[in-house]
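Q: Sequence:
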Amino acid sequence: MRLCGKNVTKRGLSFGKREDPITNIWEELSKEIWQHRPEYETAVGFEYWCNIISEKRSLPWHIDKDEYELHENDELVTPIMGAVYYGFDHTFKGSGHLMLIDADIEQTSPFLYNYEDNKEVVNVEPLLNRMVIFNASKWHRVETNFTGKRYTFAVNANRHRPKVLTKY
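Note that full-length UniProt numbering gives residue 48 to position 48 of the sequence shown, counting from 1, and the numbers run on in steps of one.
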C-alpha cells in the first residue's frame with residue numbers, strides 16, 4: 001500500500017467526507033467515481049488508498065473492513081461498496097488479476113474454492129482505464145504479479161468514517 005492523499009494513516013489510508021471541499025486529486029477522483037451512483041447519497045465519505053504490487057507479490061484473500069472495529073469490538077463493519085481504478089499504464093506481464101468471490105461472507109471461506117472450476121469466482125484483468133465497482137464486503141484478492149508493477153487506486157464508499165483511520 002502506498003501513500004496517496006492527505007492525513008494518511010500508517011497503513012496508507014485516507015478519508016474524505018462527502019460534503020467537504022476537495023483538497024487533492026484523490027478526493028476528486030473518489031467523488032467522481034461515486035457521485036452518479038446510488039451509494040453516494042448514503043455515504044458519509046470515501047476511504048481511499050493506492051496499491052503498487054511489485055513483481056512476485058500478491059494480495060491475499062480478504063474483505064474490506066474497519067480493522068479497529070474488528071480487533072477492538074469484534075464487529076465486522078464493511079463499506080457500502082468498493083471500487084478499483086487502473087489509471088496507470090502498467091508495466092507488468094501476466095496475471096495480477098483481481099479475483100472476486102460472488103458468495104456471502106458468512107457462509108464462505110475463500111480457501112474452499114477450486115478457482116479454475118468454480119463459477120462463483122470472477123477474474124478481472126487490470127487493464128488501463130478500467131474501473132471495477134464491486135461489493136468489497138465479499139472475499140477478493142489480487143493474483144500474483146509475475147513481472148513488473150501493478151498500480152491501482154482503490155476507494156470505498158462508507159456509511160461512517162472508519163475508526164481505523166483515527167485509532168491506528
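Everything labelled a hint here was simulated from the structure, so no lab data went into it.
Treat the hints loosely; a few may be bogus.
Once the Cα atoms are required to be at most 16 Å apart in a straight line, the calculated EDC-like pairs of lysine to aspartate or glutamate come out as [stated by the list, open to error]:
#: 1; residue 1: K163; residue 2: E32
#: 2; residue 1: K31; residue 2: D20
#: 3; residue 1: K163; residue 2: E28
#: 4; residue 1: K31; residue 2: E19
#: 5; residue 1: K56; residue 2: E72
Now the in silico label distances, taken between C-beta atoms and shown as ranges [as the list claims (entries may be wrong)]:
#: 6; residue 1: P38; residue 2: T91; range: 18 to 26 Å
#: 7; residue 1: R37; residue 2: L127; range: 17 to 25 Å
#: 8; residue 1: I133; residue 2: S95; range: 16 to 24 Å
#: 9; residue 1: T23; residue 2: N123; range: 31 to 39 Å
Ideal Cβ positions, reconstructed from N, Cα and C, are used throughout, including at glycine.
Q: Now tell me if each hint is right for this structure.
A: So, going through the hints one by one against the coordinates:
Distance check on the hinted pair: K163 and E32 sit about 24 Å apart at the alpha-carbon level, beyond 16 Å; violated. With a CA separation close to 11 Å, the supplied pair K31 and D20 stays within the 16 Å bound. Annotation: proposed proximity of K163 to E28 is violated, straight-line Cα distance about 22 Å (limit 16 Å). Taking the CA atoms of K31 and E19, the gap is about 10 Å. The hint holds against a cut of 16 Å.
Taken as a hint, the K56 and E72 pair is broken in the structure, with Cα atoms around 33 Å apart against an allowance of 16 Å. Remark: the range hint 18 to 26 Å for P38 to T91 is contradicted by a beta-carbon distance near 36 Å. Separated by about 21 Å at the C-beta atoms, R37 and L127 satisfy the suggested range of 17 to 25 Å. Taking the beta carbon of each, I133 and S95 are about 22 Å apart, inside 16 to 24 Å as hinted.
In this structure, T23 and N123 meet the distance hint of 31 to 39 Å, their C-beta atoms being roughly 36 Å apart.
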